[in-house]
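The listed protein sequences derive, respectively, from chains A and B. So the first sequence is numbered by the working numbering: it starts at 1 and just counts up by one. So the second sequence is numbered by the working numbering: it starts at 1 and just counts up by one.
The hints are simulated quantities; they were obtained by calculation from the structure and are not laboratory data. Careful, some of the hints might be misleading.
[As the list claims (entries may be wrong)] Listed next, the in silico EDC-like pairs over lysine to aspartate or glutamate satisfying Cα-Cα at most 16 angstroms (straight line):
hint, chain 1, residue 1, chain 2, residue 2
1, B, K432, A, E97
2, B, K166, B, D85
3, A, K108, A, E127
4, A, K108, B, D450
5, B, K205, B, E163
6, B, K480, B, D436
[What the hints assert, rightly or not] If you anchor each label on the Cβ, the simulated ranges turn out as follows:
hint, chain 1, residue 1, chain 2, residue 2, range
7, B, D405, A, K133, 39 to 45 angstroms
8, B, E427, A, Y218, 40 to 46 angstroms
9, A, G45, B, E449, 31 to 37 angstroms
10, A, E121, B, E484, 24 to 30 angstroms
[Unchecked claim] Which chain A residues face chain B? A few, computed with CB under 10 angstroms, are given here:
hint, residue
11, E79
12, E81
13, R83
14, R85
15, F92
16, G100
17, W104
18, A110
19, V111
20, H117
21, E120
22, N151
23, G157
The C-beta atom is built at its ideal place from N, Cα and C for all residues, glycine as well.
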Amino acid sequence: MVNQAISPLLQIVDLCVSVEDQQILKGVNLTVNAGEVHAIMGPNGSGKSTLANSLAGRPEYSVVSGEVLYRGEDLLALEPEDRARRGLFLAFQYPMELPGVRAWQFLKAAVDAKRQHNGEEEMSAREFDQFLKDKVSQVDIDPELSRRNVNEGFSGGEKKRNEILQMAMLEPDLALLDETDSGLDIDALRIVSEGVNKLRNPSNAVVLVTHYQRILNYITPDFVHVLVDGRIVRSGGADLAHELEEKGYDWIREMVS
Amino acid sequence: MSTQKIISRNTSSDDLASDYKWGFTIDIEEDAAPKGLNEDIVRLISAKKEEPEWLLEWRLKAFRHWMRQNFEEPSWAHLSHPVIDFQDIHYYAAPKTKEDGPKSLDEVDPELIEAFNKLGIPLDEQKKMTGVAVDAVLDSVSVATTYQDMLEKSGIIFCSMSEAVKNHPELVRKYLGSVVPYTDNFYASLNSAVFSDGSFAYIPKGVRCPIELMTYFRINAEESGQFERTLIVAEEASYVSYLEGCTAPMRKSTQLHAAVVELIALDDAEIKYSTLQNWFPGDKEGVGGVYNFVTKRGKAAGRNSKISWTQVETGSAITWKYPSVVLQGDNSVGEFYSVALVNNYQQADTGTKMIHIGKNTKSTIVAKGISAGKAENTYRGLVKINASANGAKNFTQCDSLLIGDQCGAHTVPYIEVKNPTAQMEHEATTSKVSDDQLFYCQQRGIGVEDAHYMIINGFCRGIFQELPFEFAMEASQLLKVSLEGTVG
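With the rest of the complex left out, here is chain B:
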């Protein structure tokens, strides 16, 4: 299970080390639930988290709905993997205690440390992410609360989902499942039944969140499926930029990750959600890695509201993910900017859905897919203009870049238009990093590997511009790490 750490971009590495403040205190012996999923496990999860009755009921409804689907996961994506045995997964496991973790970085897989160094992650942060016991720093937890105080002063709630359930049950009850109902899809049902934790953010009316909110997903060395649940509510005329970083590669066998993220933007509110995803992609032969089946959806519920998704996906063995926007309010805006890079045997089927309901709604989709090795990359996107959506506009651009001759790129756009006033634009290109481009760079003294990164970065420029500055640097670095040894 992942414990989640909520920090801002400005948080120092000392703050990060205060992780255990948020951790579980339940004795690990008592928490070892058997593999498999049944109503008892759902009840156990809810009980361990001391949840109110309504939430348990909701989980149980989700579980029953999931069971009715008879373990038939969606099969329409351009993905192939062995059948997942859903009864062979731990749905509840306590995080390791400090004593079980490595005592110092010397005990951590050197490859992992090397990866951290390449990403420029500071030493303390490395310790935190690998679960190294950091008792000495643990004592100084005051800095982290400074940010909490600052946020609280502006009325912003930013905490783990578990805490939100305890401290703000009315808000959670009102919005949980309001964008992604538990009946939505196979993985959303599963997540609703067993979600472990996640983040909750609430931005009150008229407040512009003064810092970028960030979650960092920490993965323990040995655990089960990951089921985060994130909920962000932006009240009227509020603004928040939220960053989700999983820059730690995981070294483990195949693992299921099924998260749900729901965003709600009311009148004149704006939510900007950025993700860097670098879960363990499996080894070079395609063994292991994360199966990332994620449902992310925002509801631009209010007039003039705006929801913007930006994602840089370089990790996971399989990525199945369609961050979407329901454009319900008149004049609302939905955006999706994506870079998906696959290498070796990775597979990605990712894209978005833009559902236009309100009048004069506008959506923009820019998706860049990079394929290398023997990997398969699919853009799949739906633009739907309902009959009510007078004056709706969409612009879609899908570009694919191929490296080598054994990978694949596919573009599958779905367009449903039920209103004649809609304006749709669609552009798609597929290109290769050509030998001529590489030679051109080499002739100017630039080595083959650097030339590749330069060309690939150029290809992604439009997307990186949408990311906060430090995140953009990190994204560019991530591409480099992910392609290492493939080019040049």
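This is chain A alone, in the form it adopts within the complex:
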């Protein structure tokens, strides 16, 4: 399983990424250790989602230069599915609908892929049923969601909750939450946040990308980083988020210019 001897969990060194020939990330440095929660904040277009998606290996995000080590291994050399099987999870800002694909089947394929990677047997249908049931109650999600087709006809809030269920099923070592709070009402935000909190443990880490401080009332970060124009311009503790909320992103922009 997790090799906790290797530290840090994630090390990003001078990462530059472009999308459609436009450079978005211009040298990001970040180190994440097991047990930590990092919040990446920043104004629209600063590169927050680009960071999360390029770590997951989304094809349209091309890495221009830089290095990312995940448990000491070159993350960027791995296919997206291999990153996932090694415990990297991205909660999507816009989860995709897979018409006709049963959530049960999808989740089982995902769980089995990871187990296979770890040299474990595929789960039996009965085992998996129980496992799914446990996770559904753990993250307090409507069991109906797992009986439907993957995200098909789901509301925005249901899709986000479904992401948290998937995260619970896959028990990632590194969870990247890409604006998981956007478009959620207070109740949904609470359920999603509680879900994330329940999944936290000393051997995993969360990198939470958000525009607003709101979700940080529920998930307390150890570190807050402010991303402006493709660079982390300031890092601090949870207080930094409050300061940002008060003074706005213009304050940071002025400070760094």
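Following the hints, put chain B in place on chain A, whose structure we already have.
For chain B alone, kept in the frame of chain A given last:
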């Protein structure tokens, strides 16, 4: 020529090996008819099959009608192929004898064996389908007859068309051509003139057929055009589920296949007809493959009768096929559920016709087209509500899925309504397997290829649900085999 094997889904592979019981016993030397078609060939076919005079006459009428069409095959479909030289085809060739066939699977094209293995076809069945001589198993023919006995006890007739002509001529004479007359279309005329064999099923009044009837089309390594003729009659309040499987890919040059299937359902009767079609699609460059020009039609003749077609079409270089229902009886129901997958240079122009004549008749059409490679896929369907059809209803849904950017999907619905009380619904969508969907699956650890199959299977879900369970598994597997190397 194909010899046809009639088995049930529960038949064991030993039963399958008893194939030669149904085969021809005519000496192959005497049976080598020259290429081309004329009245003498039609007479020869009829004579070899020892047919009664009325059937020969019917064949000859069909032949003369076909000749009057001056080799002008229908050209309205969205298909393109070189002109077929109908005089360059063998219309009668005896099946190969056991001695000519491969002696063991070692002599069979390894690619074919690999395909069988992927489909999970048992070894004995593989031998049977590749025409391997299986003398040792041939001796144990008793099991196959068990099923025949069971069917016969309930009064069900299930046999080859040739046998039906011999043993039940009155039934064949009454119904043959009653749904698809020999004048129907170019290929139906041709089939009527030269049909080789096929299946015949008759379900008597009030009988619910206890097993799923199944035909397996076996293709010999070297032969001519395939002209099967199938006829199913369901008497009042009877039920039958019929499966037609051609899961053996054929490895050969371009070949014509022109079959006719007729179904008749009387009052309160139901016929469910499912097809898995996987004839050889040609190679990746579009060389070879089967030209599949098939006429399938059912007549829901009785009150409250129901005819349901379910097809999964993944094979053939060209598919031209419109399984249809004539809804003649009041309250009768017609259904068409279809998945048509084309890859490489395959072309499919397929759909259905629902002809509403009786009152309160109801039809449902769900067609799913999948296109990959450089293939072209057309849904073509007619819904016709006659003036007599008060309260008729139709629901049509056509969905197309594109894989890659060099294939095509087309939807051509025809609607003719002559009764103002009709209710029509039509939905159509076209979508692609998007990079975002694939990435979503990959991010959950699912590889690109598996992700494709998962999404494609999801797209076909509604159709696969209509298939008997094992057939659905096979269908899903077929899609996978057909797309291999295209995705991922």
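Against the structure, the hints come out as follows:
1. B:K432 with A:E97: holds, 13 angstroms
2. B:K166 with B:D85: violated, 33 angstroms
3. A:K108 with A:E127: holds, 11 angstroms
4. A:K108 with B:D450: Roughly 13 angstroms between the alpha carbons, so the hint for K108 of chain A and D450 of chain B holds.
5. B:K205 with B:E163: Given that 16 angstroms is the threshold and the Cα spacing comes to 22 angstroms, the pair is violated.
6. B:K480 with B:D436: violated, 21 angstroms
7. B:D405 with A:K133: 39 to 45 angstroms: holds, 42 angstroms
8. B:E427 with A:Y218: 40 to 46 angstroms: Cβ of E427 of chain B to Cβ of Y218 of chain A: about 42 angstroms, so the range 40 to 46 angstroms holds.
9. A:G45 with B:E449: 31 to 37 angstroms: The hint (31 to 37 angstroms, Cβ to Cβ) holds, given that G45 of chain A and E449 of chain B are roughly 35 angstroms apart.
10. A:E121 with B:E484: 24 to 30 angstroms: Between E121 of chain A and E484 of chain B, where Cβ atoms are some 26 angstroms apart, the hint holds.
11. E79: holds, 7 angstroms
12. E81: The hint holds - E81 of chain A has a Cβ within 10 angstroms of chain B, the shortest such distance being about 4 angstroms.
13. R83: holds, 8 angstroms
14. R85: Hint on R85 of chain A: holds, closest Cβ of chain B at ~5 angstroms, below 10 angstroms.
15. F92: holds, 7 angstroms
16. G100: holds, 3 angstroms
17. W104: It is violated, given that the least Cβ distance between W104 of chain A and chain B is near 12 angstroms, above 10 angstroms.
18. A110: holds, 4 angstroms
19. V111: Cβ of V111 of chain A sits 8 angstroms from chain B, so the hint holds.
20. H117: Interface hint status for H117 of chain A: holds (7 angstroms vs cutoff 10 angstroms).
21. E120: violated, 13 angstroms
22. N151: holds, 9 angstroms
23. G157: violated, 18 angstroms
Checked against the numbered hints listed earlier, the structure breaks hints 2, 5, 6, 17, 21 and 23; every other hint is satisfied.
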